[in-house]
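If you read the protein sequences in the order shown, they are chains A and B.
Start counting the first sequence at 0; every next residue gets the next number (numbering that gives the first Met the number 0).
Start counting the second sequence at 0; every next residue gets the next number (numbering that gives the first Met the number 0).
A couple of the hints might just be wrong.
[As the list claims (entries may be wrong)] Lysine-lysine pairs mimicking BS3-like chemistry, simulated, CA-CA at most 30 Å apart:
no.	chain 1	residue 1	chain 2	residue 2
1	A	Lys51	A	Lys73
2	A	Lys496	A	Lys514
3	A	Lys40	A	Lys24
4	A	Lys285	B	Lys206
5	A	Lys329	B	Lys314
6	A	Lys238	B	Lys264
7	A	Lys73	A	Lys30
8	B	Lys211	A	Lys40
9	A	Lys361	B	Lys264
10	B	Lys314	A	Lys280
11	A	Lys280	A	Lys385
12	A	Lys385	B	Lys211
FYI, nobody ran anything at the bench for these hints, they're computed from the structure.
As the structure is a prediction and not an experimental result, all values here were calculated from the model.
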Amino acid sequence: MSIRAPRKGENYELSVDLNSEYREKRKDAIKRVIASMTVGKDVSGLFPDVLKNMQTDDLEQKKLVYLYLMNYAKTQPELVILAVNTFVKDSDDPNPLVRALAIRTMGVLRAEKIIDYLCDPLQKCLRDENPYVRKTAALCVAKLYDLKPELVIDNGFVEQLHEMIADSNPMVVANTVAALTDIHIAASSQPSTSSDDPALFLISASILTKLLIALNECSEWGRVAILNALARYVAKDDKESEHICERVVPQFQHVNGSVVLAAVKVIMIHMRGVRREDLIKQLVRKMAPPLVTLLSSPPEVQWVALRNINLLLQKRSDILSNEMRVFFCKYNDPLYVKVEKLDIMVRLAGENNVDALLSELKEYASEVDVDFVRKSIKAIGQTAVKIDAAAERCVHVLLELIDTRVSYVVQEAVVVMKDIFRKYPSTYEGIIPTLCANLDELDEPEAKASLIWIIGEYANKIDNADELLGIFVDTFTEESYPVQLQTLTAVVKLFLKKPDSSQGIVQRILNTATKDCDSPDVRDRAYIYWRLLSTDPGAAKAVVLAQRPPISIPRTTVAPALLEELLGEVSSLASVYHKPEETFVGRGRVGADSLQRKTDASDDRFSTQKALQTVAAGQQAENLLDFDDAPAVEGQPSGLAATEVLSHTPAAANLLAGTSSNPLDDLVSIFGAPATPAPPSAGPHDIFGGLGMNSTFSSGNAVSLGSPAVQSPSVAIAPPQQNQQPQDDLLGLF
Amino acid sequence: MALDGIIILDNNGRPIIQSGFRSTTTAYPLLHIDAVNDALQKAERSADVDPVIYVASYNAANVSSACCHVRVGDLRFLCPVSGDVDPLLAFAFLQTFIDILREYLGTVSAATLRDNFDIVYQLFEETLDTGGHPLTTYSNALRDIVIPPSLLNKLLSVTGTNFNSTINSGFGAGAAIGPFSSPLPWRKTGVRYNNNEIYFDIVEQFKAIVNKNGTVLSSNVHGKIEANAKLSGTPDCSLNFTNPQVLEDCALHPCVRLLRWNRDKILSFVPPDGRFTLMDYTYSSNSLPSPSPAQQSLSSVTPSRTNVALPFTIKAIVELEDSGGSFDVTLTSRYSTHALENVVADMHLGQGAGGIRCSVSRGSGGGGFINAGGSRNMDTFGASSGASWSFDAQRAVLRWEIPIVPPSSSWSMHGSFSTTNRIPRPSHAIRVHFDISSHTYSALKVGQLKVMNAKENYKPFKGIRGRSSGEVEWRW
């Protein structure tokens, strides 16, 4: 079978050395073979020669030979059979390291033929006197299950593992738990699994006791495995929940962050069953310091910690209420850390600390990094919208920033200002002149659109509104579509407020928009306005100048039901992405389906199954809206990618930014479904985007296009009744 | 369904060495390498790349996964994870693995990895299971199964790790003791020393953000106790502090008995052999003496953060004009007894900065202190009594270095710079790093250290010292 290498060249030399009579030379040759293997050279031809060196007392040499075997087992399984005898013999070696090595390697080889020889030695090693061998054998069972589940069941390995949970050595217990969990996951992912499948690892009360004992004695990795198993346990009553919490809390003091986070997860899950208020308070209080401590770790760890803190805060806003200062950004923090800190700081903002926050945000706005500066300014806007009492101070800071005349600072400040006007109508009209003075400096569509919206909204208070809007009417066809839409709406508002002086400008813009404009959206809107104005100016007034629902910052970035689920997944990838596991582990539609199935199957712990389904349905919307959440969006399944490209064309972007995922939602809402709950649940994580981009258009769109559901997802609609009103008007028209 | 393996990339993004990836397809690691390299290429600054990268599956049959990565010197360590795994587990494991490599190889670089690939392979095998579970990572246990490269043995034993038992006994005898027969996973059995010693280093780091008025906006002191134990047998140590109330948010090495600590604030432990970190803590200046420290830590609702006096003040006058600016920075030590060492102040001058003209000098104060840097040769940049400056044009960072700042001395740097942009955008902060030897902010004092040993009686030599460092971001 083996092909002999030619009688010269590197491989030939190696082959000679491998057969040398000197031990050292042979060992050196094996090392060189492995080195060649590392750099990708094919040394499979040396298989028989390497194999000869397998019988040795030198453990290091043996390991290297095993390494070679493992590497070629996948491509040349027939050769590996030659080594079986040595493996079986080694699994009986007096040296426990050799026994463990043999059993581990056999489990890894993944060759069908080897596996048949594996069961007997494995049986023996599971009962080995040495704990190192036992724990290695335990993990080997999980691997065997992966290849041939029936062998594991038939040989009673699972039962044996269950017995090993009571092992005297905590490391053996930890590895056994890890193995059982692997088998459980593999078994439960099979659709045919019945609930009494022996492979399922159901944690009973007696297992719980053993796990809690082993927890304090094993290594950090073992602790994580045990804690993950504890998270799956369903407590019988509140006494048991309390007991688990009390036993797990000391893990907060572990030096390893992943242990801390896994412990936080267990506590968050079992706290649901705790009824004693004082204990809950105590647990929450103890949770904060270890999380904060993680912030003195390297940035990667900080980021994971921050993402998890962000999630925990949405459920328990009291965890870190006095700790905002620890989240202050240092200027050399990586951007991903800064952005997350910013979000948390706004979340923690209250009347008592808003001054510190604002001076900090102002500081950030003068930093070098443009992205970060923009996000900081957006955070100022969010603070203003969140805390009524601080709005004036926020506006003051924004004005100072506008004074710097740094282009992107000014533009972002204008965008943010629009939201403040939206939240506090008729409060800060005094600053409009300052904003208008910067008209010439605006070159970004969003900033332009925002300023135009402000001018339109306060057209009656601005003396030269027609002049200002005239500038944009003149360049109408050159502007981007969002700006065109805003200009159109603003001019119509101006006309409705000052009909005498602006007859000419409204005629001009309706003409241009209907005749010279490429965008169907702009054209259609112009037609609707035209018809409204010509048939019933009263109705036009009711639609265009309708009372808008107030905006507020959503308290959570994810839906409450999803939040509950994610909190159960603290210390997992899901908690970092803030998405349920299925959306990135599963594939496309299948993922969504399985999410529903899971919800169906589970008892009504999250009673809000409906909301979860919406999440599943809105999952696509989320991906599209989530421009900022690069890691999750990048490389989403290709089906979505296609739609994503669409979003880059302005018209489609507008459509997507404004509307929910599902065109049906719009239809439904037009036909008067009361208060559609749909989009907010799928809301983008990025509140900034929501406040900035979306609300600009939705504030205009919502009323004029007559689909209140297009209210941007992250801007929560406070009283749904208000929504109804303009909608009725419109329906009346039709 | 967990940590799928480790890939180590060189600074060009090419793989140096990777673990087996036996339960995945061959394409899997390549996919992750590409994903990371792609992300790095797209990012403006490599430091801003998200540490967890989503990696799409390459065909419908495979689940997608994520790649956690960290940078270590010139290398980048990748840890692909599939399934819903805690990324922190990946990062914690990578950190542990890197620490192990350091212990085995001294320095971790492309060259040392290539020279010792056999060791690295063995470490992959021993530390990470193919099923994705971390295995043995305690160096005490690892050294039984993976013998460190012989050339470095000497070096390692100097740095405080003891391999003698493994090497002298060779493989056969080492096995007779029995690996993992020790009931304590972190300590091996049968350790013997002629001189029994145990050392503790109390290392504290001060981090602060200071605004332009010199007011501390946020600060904390994070400390740890690093220990180096060279004790025979199975010693049982107990360590208490005279002022344990300064310790808060303690994170302890698994060898510490939690119950004892929570009850009496006594660190009771059987140490691993060699170096280890005994505990991490945060210094709390809220040191009101309380009758029972254990209760106090329970009742303090919100730990008040540290209020450590700033070790120095900075006066920075920066004037910005079109296409440039000038700066005048004065640093004055506020300490009267301790000298600040290795002071490094970084100032980011913004994109396109250049044309630096700068001079550094020593001001008044702190006389009579022997200046270590004074006799140094002047380098290419201006230098005065040891202080020097340099400019990293690529990162646009002006660096000011002072080897020793004696107590209450003052130092200044002034100069000008130009920028290619009309409006200069320097960052409004100066980052200062410094060290202080033989000093701790918390003044944590060890009261008593008892070493008990059932079998043999020896009086170990005990040593304790403190050192601290700091990182202050001073805004102007």
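We went through each hint and held it up to the structure:
1. A:Lys51 / A:Lys73: Judged against 30 Å, a Cα distance of about 20 Å means the pair holds.
2. A:Lys496 / A:Lys514: holds (25 Å)
3. A:Lys40 / A:Lys24: Roughly 21 Å separates the two Cα atoms, so the pair holds.
4. A:Lys285 / B:Lys206: With a Cα-Cα distance of about 23 Å, the restraint between Lys285 (chain A) and Lys206 (chain B) holds, given a limit of 30 Å.
5. A:Lys329 / B:Lys314: holds (19 Å)
6. A:Lys238 / B:Lys264: holds (29 Å)
7. A:Lys73 / A:Lys30: Measuring from Cα to Cα gives roughly 21 Å; hence the hint holds.
8. B:Lys211 / A:Lys40: Distance of about 60 Å is beyond 30 Å: violated.
9. A:Lys361 / B:Lys264: violated (43 Å)
10. B:Lys314 / A:Lys280: At roughly 45 Å apart (the allowed maximum being 30 Å), Lys280 (chain A) and Lys314 (chain B) break the hint.
11. A:Lys280 / A:Lys385: Within the cut-off at roughly 26 Å; holds.
12. A:Lys385 / B:Lys211: It holds: about 28 Å lies between the C-alpha atoms, which stays within 30 Å.
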